[in-house]
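Starting from the structure of chain V, add chains U, E and H where the hints point.
Residue numbers (my numbering), protein chains in the order written: chain V, 1 to 364; chain U, 1001 to 1364; chain E, 2001 to 2364; chain H, 3001 to 3364.
Think of the hints as simulated: they come from the structure by calculation, not from any bench.
A hint or two may mislead.
Unchecked claim - DSS-like, lysine-lysine: derived pairs with alpha carbons at most 27 Å apart:
hint : chain 1 : residue 1 : chain 2 : residue 2
1    : U       : K1051     : V       : K230
2    : V       : K279      : U       : K1088
3    : E       : K2230     : H       : K3051
4    : H       : K3241     : H       : K3220
5    : V       : K3        : V       : K318
6    : U       : K1279     : U       : K1229
7    : E       : K2003     : E       : K2088
8    : U       : K1051     : V       : K279
9    : E       : K2271     : H       : K3271
10   : H       : K3230     : E       : K2051
11   : E       : K2051     : H       : K3241
12   : V       : K271      : U       : K1241
13   : E       : K2131     : E       : K2216
14   : E       : K2241     : E       : K2279
15   : V       : K241      : V       : K220
Residue strings, one per chain:
There are 4 protein chains.
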Amino acid sequence: MTKAIRRIGLLTGGGDAPGLNAVIRAVVKTAVRQYGLTVIGFQNGFGGLIKNQAREMGENDVAGILPRGGTILGTTNRDNPFHYPVLKGGEMAFVDVSDRVFENISIHEVDALIVIGGDGSLSIARELHEKGLNVVGVPKTIDNDLSATDQTFGFDTALTTATEALDKLHTTAESHHRVMVLEVMGRYAGWIALAAGIAGGADVILIPEIPFDINKVIEKVNQRSASNKKFSIIVVAEGAKPQDGDVVVQRMVEGSFEPVRLGGIGNVVAKQIEDLTDKESRVTVLGHLQRGGSPTAFDRILATRYGVAAVNLIMDGKYGHMVSLQGIDITSVPLGNAVGELRKVPLDNHLVLTARQLGISFGV
Amino acid sequence: MTKAIRRIGLLTGGGDAPGLNAVIRAVVKTAVRQYGLTVIGFQNGFGGLIKNQAREMGENDVAGILPRGGTILGTTNRDNPFHYPVLKGGEMAFVDVSDRVFENISIHEVDALIVIGGDGSLSIARELHEKGLNVVGVPKTIDNDLSATDQTFGFDTALTTATEALDKLHTTAESHHRVMVLEVMGRYAGWIALAAGIAGGADVILIPEIPFDINKVIEKVNQRSASNKKFSIIVVAEGAKPQDGDVVVQRMVEGSFEPVRLGGIGNVVAKQIEDLTDKESRVTVLGHLQRGGSPTAFDRILATRYGVAAVNLIMDGKYGHMVSLQGIDITSVPLGNAVGELRKVPLDNHLVLTARQLGISFGV
Amino acid sequence: MTKAIRRIGLLTGGGDAPGLNAVIRAVVKTAVRQYGLTVIGFQNGFGGLIKNQAREMGENDVAGILPRGGTILGTTNRDNPFHYPVLKGGEMAFVDVSDRVFENISIHEVDALIVIGGDGSLSIARELHEKGLNVVGVPKTIDNDLSATDQTFGFDTALTTATEALDKLHTTAESHHRVMVLEVMGRYAGWIALAAGIAGGADVILIPEIPFDINKVIEKVNQRSASNKKFSIIVVAEGAKPQDGDVVVQRMVEGSFEPVRLGGIGNVVAKQIEDLTDKESRVTVLGHLQRGGSPTAFDRILATRYGVAAVNLIMDGKYGHMVSLQGIDITSVPLGNAVGELRKVPLDNHLVLTARQLGISFGV
Amino acid sequence: MTKAIRRIGLLTGGGDAPGLNAVIRAVVKTAVRQYGLTVIGFQNGFGGLIKNQAREMGENDVAGILPRGGTILGTTNRDNPFHYPVLKGGEMAFVDVSDRVFENISIHEVDALIVIGGDGSLSIARELHEKGLNVVGVPKTIDNDLSATDQTFGFDTALTTATEALDKLHTTAESHHRVMVLEVMGRYAGWIALAAGIAGGADVILIPEIPFDINKVIEKVNQRSASNKKFSIIVVAEGAKPQDGDVVVQRMVEGSFEPVRLGGIGNVVAKQIEDLTDKESRVTVLGHLQRGGSPTAFDRILATRYGVAAVNLIMDGKYGHMVSLQGIDITSVPLGNAVGELRKVPLDNHLVLTARQLGISFGV
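If we strip away everything but chain V, and leave its shape as in the complex, we get (with noise of 0.2 Å):
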């Protein structure tokens, strides 16, 4: 590292997740205090930095922000400066405005740049490095499906969330004999649906890397009748699918049955249960209920880790990279490594094994 660090961005992008606050506090303490650094956080993901939406942080800034929920620079999904909407002639273009980022990255003098985010604001984050900016990563995700880290923050609360609510629709299922369905989130990876159906008791995992027949559902379902447990609760995640492809059911519309996806899977599976069995069977969406709230204590500090170890890695000079937990320490990885392919659940997964021998059925 050839030249002297004296300042330095910091943005949050992407989906909000429980401990984004954890990171921004920690990196501005280790900051300030540690090196004497300035920090500036842009605000809104990349948005800020493409529209210069920016203010100092100091320690005061971040003080009681720690065991609080979404993130005090603002995010968003949108924004990406390689691929910006703008209105060209009443029609919708993108544009590269990368450019943009340059300048404002020069205005405030910073040295380099800290993205917080999941795999698409990783994925600006090395593309910006690659065009020559100073970028370090830290990996967010509440969906823990990130590549190359044993786990993003975020994931814990969002599990406990989940079994939280599992614990819940616990009392309600046995008290009416009910099959109780609960869709997490997990669109493309089931870590969530698999870790809270665990913690949670469920006699049914649905996950998008397993398939399923809702035959082999209802057997469990009607297994456990005959051993007289006449509830069972199941766990879908949002990105769960039927072996026969997608699952639409027969709704009247003005007169004559159409086919209609009834809402998201877990509507699906409930239905298919009530339809199919003679148990009554409700649903219930988690929704965005799993990205708020306050972390956990192991994501808050997973968290301040991941935002020391984020300053470190810059004072080391190590662009291009991402801080990344690896057993129990934290290491780097390059930011090339850890996007562009989701971490699913693989089938000789520990947590999956560990759910077989419990009895607990994927529908297959």
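Showing chains U, E and H alone in chain V's frame:
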């Protein structure tokens, strides 16, 4: 009271609610310890009374159940003895099987019966009383919409669950500058939405008692944006309705647009906000999470007081009555006063007035 | 009311309680939005009024504080303007500095002042009112021992914290067959112990209003053992007292035994149980955890209602009054009715009777 | 493995920890469903093995226990079969009764035994194994101070309880400008204090591994005051020690001052801060709350994995081993590696380094 009470029956009916087990425990402890009675628990609501599913309940059976959601007796929304479904010549018919109830009461030598339930179960209790059974009632509904009592147990817990959900949605709303919509229970009465809206800092509360104008909702969202509050939180009772009748949206079905109701009212409101503003909007439907979980301290105390009072009511021979909270006192009212008409939110209710003074919009 | 109200002052006094911020928020929102007033917040209780530590508070200052414990205005148990400590010739003396309060009220052109506090702060508020200040009060104490209101905000949250602690102690008590003692707040009144004892399923409740006999406590523990319940849960208010005066234990100090009071009453009770039975006993002192944390939904609503009502009280010119909960209604009472005498638990209180019917022992 | 396994035994020993029930459930489910074994549960730790308190455990016995704290088998810190207390001629003596263990194992035809416990219980397990018993171990301690495993179950829950306590103390510390001291478990190792201190935003962390200088603690408190942060949060492990030996304070006893140790180290630190600064200080001792309550999702998953793995270990004939977490994998290590030496916090531990970079003081 001419005949000495020696054995009492107990059942829980209708949808489950946090606190049912607390009532059961208080009934058994008071009956056994205080009065030396025998308690017979009938299982699965009135179904157990019809099909003679019953067991004696001692103190050991209720040990440890105070903090648990649900009901150890089981419950159901079905099995009305005066309107019981039977198959006759391949057709479903409804018949009066209430004689079986009296037979089973007689078999177990039950001198008086405690029915814990909502409007439906207490209506049946009243009919049974009119037909000669010694019945007392305990009011239960998470919706708090039962007449003749200031509060039902289960409501405070449901309110707490909804408020915690609002806390979680707040952080994501702020971070993303979104409009977050939370749909809560309340088909005919908006108590949960109203109370949770105040406790959770909502900007808009939509309840069945106040039909709303979506343009007024949007006006509120835009006002906030104009004063630099870029997010809004909306609580919608599931039974909330627009002033101009039910809302349908146009949806492409087989090549042409058809009017379709997309899910619940929460989805409708979120969809309209996205259509009519530049804001992103997301909806969460809490559903059965509101019925589950460990009861709050408030609900445990109220449920315990109700259980103790119900046994006292029997010892006083006040059959045909239900225990009731009036201010801070437990009294009793005739079952007839309690059922038949739901307690809706009056427009001059103190919480409505409080909300208005805080600037919360009801969409009117 | 002859003079138009344009500016109001606000302070929080005494020990902090969950819900203080909810009152502050409601006062500011109602005052600013509803009536177009200016709100001046005085910091750190009456200290800020004496030392002129004040700032204008707008809606942005109270954004997001509803779910947060503590008070953004700061508070203290000290700084009574009628009894203010000053150093005179090396000696500490107490003097009347209330004129400074009037000066600062005048400097900020405050037309009326809202004091949120317990017995101590409201007594000062009354004195200031008698000396000519336009004051209204909002009752606050987690102990719920204030006269002239059915409930103070903060109590439900403290009760919830104590109940959750009892839930946690239950599992360890059962697993180890121990007697677990929980000491909760309540120096002069046993409301928290009483309510938490019922909500948390305690076997013994010891409160200041009912001096206890340790032999009766032990009798209860042994009775449970005899009926095969090998653990017991005891809740003790910090102000609970044995019938035969305070308890000391003999302790070896410098070679001879001396009478020493070992910690609080919880420790004393646990020690005596270990000495007089064959049971292990452990004590937990909740302490300041009971003052902290996010207020419950109940407390947020009550605090919000109080805040709105306090502003209305000012607009109605009802100075020298305090808002008060009567049943489910908010009314107002003269400050003189509220202070001076703590509201203790009457022996015929409904919770006491409920506890007795459940078989809970008060150690008598 | 020469002999087929048909019946296995199971016991829980030492202090209870959240997750014990999750292990029990996983053992029973895996043993019964997966391998068709019979499971015998011995009650109250090694006591049940000595006194033949045992019962067969089927799937119904473990239904619903996953989210519950404690252990349905009971546990105790006493009853070491190699050092068992008996009365001989009015004197207490310790004798070896391990033969009784072998008798009872034989009576129940148990082929192998699973011992879930901490250092003490696993040491006994190793002795029994050396004497010829087929034993496997599962590591349990909320203190996380067991060698040969990265994490024990129960720790994450204890950490969560301590972190939530710090969150609650924060609001009261801020409101009152106080120094709040939280004493947590950790007699010999400071893992809970260290992790909770980071997760809860503490300013000072005092652990047994780093003897502290109270003047350095006070220096930190004063530094914060000087930079306008008028409160501080201190976490103290119960085994933390000052550099200059144990702390006593002078106390008036019978007219003269005597050196007395006032309660735990938390009290000592709080007292010294009040004596040596102008700050008010309050101490909270979490005590057994840290052992109680529903296990976190993390602990439920870890405990479940351990339970499944312990049965697999038996089926593989790996007696004398204990299941162990290494990074994200469950492996096994000889019991001898696990016991005898506690795992203390190394001074170059990553959490220690993280804390230092954040500016947290260890009082040195």
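Each hint, compared with the structure:
1. As the CA atoms of U/K1051 and V/K230 are separated by approximately 17 Å, the hinted pair is consistent with the 27 Å bound.
2. About 22 Å separates the Cα atoms of V/K279 and U/K1088, which keeps this hinted pair within 27 Å; it holds.
3. Using a Cα cut-off of 27 Å, the hinted pair E/K2230 and H/K3051 holds, with the two alpha carbons roughly 17 Å apart.
4. Pair hint H/K3241 plus H/K3220 holds up; C-alpha atoms about 18 Å apart against a cutoff of 27 Å.
5. For the suggested pair V/K3 and V/K318, the alpha carbons sit about 13 Å apart, so the restraint of at most 27 Å is met.
6. Proposed proximity of U/K1279 and U/K1229 is supported: the alpha carbons are some 12 Å apart, at most 27 Å.
7. Under the criterion of a C-alpha separation no larger than 27 Å, the hint pairing E/K2003 with E/K2088 is inconsistent with the structure, at around 41 Å.
8. For the proposed pair U/K1051 and V/K279, the alpha carbon gap of about 19 Å is at most 27 Å, so the pair holds.
9. This hinted pair checks out: E/K2271 and H/K3271 have alpha carbons roughly 24 Å apart, not beyond 27 Å.
10. The straight-line distance between the Cα atoms of H/K3230 and E/K2051 is roughly 17 Å, inside the 27 Å bound, and the hint therefore holds.
11. For the given pair, E/K2051 sits about 41 Å from H/K3241 by alpha-carbon distance, which is inconsistent with the 27 Å threshold.
12. Simply put, V/K271 and U/K1241 have alpha-carbon atoms about 26 Å apart, close enough for the 27 Å limit, and the pair holds.
13. The hinted pair formed by E/K2131 and E/K2216 fails the criterion: a straight-line CA distance of about 51 Å is larger than 27 Å.
14. The suggested pairing of E/K2241 with E/K2279 holds, with an alpha-carbon distance near 22 Å, which does not exceed 27 Å.
15. For the proposed pair V/K241 and V/K220, the alpha carbon gap of about 18 Å is at most 27 Å, so the pair holds.
Comparing the model with each earlier hint shows violations of hints 7, 11 and 13; every other hint is respected.
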